[in-house]
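Please take these sequences and the hints and turn them into a complete structure.
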Amino acid sequence: MISELWFLVAAILVFIGLIASQGLLLVLGSVVIIMTLTAKLWEKYAFRRVTHHRAISQTRAFIGDSLDYTVTLSNDKVLPLIWVDMEDPFPEGLQLIGAKLKGTGIEINRQHSIATSLLPYQKASWKYTMKCAARGYHRIGPVRLRSGDIFGFTSVEAHLPDLEHVLVYPRVVDLEQLIFPQQHPMGEARGKRPLYQDQSRFLALRDYLPTDPMKHIDWKASARRQTLQTKVFDPVVSMKLLIAMNATTSEHAWQGSNRAFFERVVTAAASVASYCSSLGYSFGLASNAVAGYSGKWLTVPLGSASTQLTLVFEALAMAGPYSVTSLVDVMKGERAKLPPGAIVVLITAIVTRALVLEVEEIKERGYQVLVLYAGDGPPEIDLAGVQVFRVGSALHLGGTDENDGVADGVTTADVNGR
1 MISELWFLVA AILVFIGLIA SQGLLLVLGS VVIIMTLTAK LWEKYAFRRV THHRAISQTR
61 AFIGDSLDYT VTLSNDKVLP LIWVDMEDPF PEGLQLIGAK LKGTGIEINR QHSIATSLLP
121 YQKASWKYTM KCAARGYHRI GPVRLRSGDI FGFTSVEAHL PDLEHVLVYP RVVDLEQLIF
181 PQQHPMGEAR GKRPLYQDQS RFLALRDYLP TDPMKHIDWK ASARRQTLQT KVFDPVVSMK
241 LLIAMNATTS EHAWQGSNRA FFERVVTAAA SVASYCSSLG YSFGLASNAV AGYSGKWLTV
301 PLGSASTQLT LVFEALAMAG PYSVTSLVDV MKGERAKLPP GAIVVLITAI VTRALVLEVE
361 EIKERGYQVL VLYAGDGPPE IDLAGVQVFR VGSALHLGGT DENDGVADGV TTADVNGR
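Counted the way the working numbering counts, the sequence shown spans residues 1 to 418.
Please note that the accuracy of each hint is not assured.
[To be verified] Derived lysine-lysine pairs resembling DSS-like cross-links, with alpha carbons at most 27 Å apart:
id, residue 1, residue 2
1, 296, 337
2, 102, 127
3, 100, 123
4, 44, 123
5, 123, 102
6, 220, 231
7, 215, 363
8, 363, 337
9, 127, 40
10, 240, 215
11, 240, 332
12, 131, 40
13, 337, 240
14, 131, 102
15, 231, 363
16, 220, 240
Hints are computed from structural coordinates only; laboratory data are not their basis. The model shown is predicted, which means the values in this text are computed figures rather than measured ones.
Have a look at this one:
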């Protein structure tokens, strides 16, 4: 609109200059017309043959990993870009070291801003270190480019639809340290302890430990030796295990979601999956958590293939801290698919009456149930006859701090290569 007004003013000046034989007005009007036409030309062709490209060293990582991130802008034409601003939506879960980010408050998407200029056939690149600060399916883009002519008459914008995604896997902690820390507080090296033992296959006796179930105590042997003795059973080698992760962190929907509790649950689920994969178990995932950008709850069928851990980790990475239904409703469909002898590991930060009834129903169908409770303190409702491991304080104090790494021996390459 402004350029059109200038063009009209210039035309009037040229007309008056011709009528009045005023050379100055004629020259001034002609210059303004040339400037206006140049601005129009700039507006039309500014972003022709201009390309924007992002390069990320890898698109899958763990929390705390650092990635190489490069932004490239190319101008493959004669017309230069006197100035150009780039604004790229950047997720909060990724940190860009040395970059200028706008909207760093409570906004979910910040703007990565770059201001530069490009000569004809020039290419500029910016290299950064990207740190993965939070689990999730992080989307970068689309980018907005803004430029204008040299005279300041017009400005033009272009929105490029290309997107980049970074999948940050959940944190993984040593399950043995998480569940049985009091057995080796000094960090004594031991072999992996099985998550579940076959009670029909007696192996040996050993001294009682505080974490041992009372039902495993051999009272006759304890009387003979004058100290409590616990039965040791053969571990189940061909275990089939379903990880049931409860995304609900409060009893009522109006209470909202406790993000800290939810991250504990995800960390525990990932740790169980990593543990099962390392022992060659067949395992799967069922959860009422909603996957980002899909609106569907998470399910990974039981399997022991080399890609199983990757599938579970990807599902957990995309899990959002909200649910569309209760875990009880999800389990009603999943329990019908369980093979004989399967074990259900329930991971939850809240225990409700409905959840207790579902656990009882699963047990009545002949399946073993273990519970990893990720809330603070003891569960609100007692789970009679079910082995419950309270992991909330361990995850809070040592397992979910942003500065912690993953469990020893677990890397992105391991996950993708299994």
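*Sort out which numbered hints this structure fails and list those numbers smallest first.*
9, 12, 16
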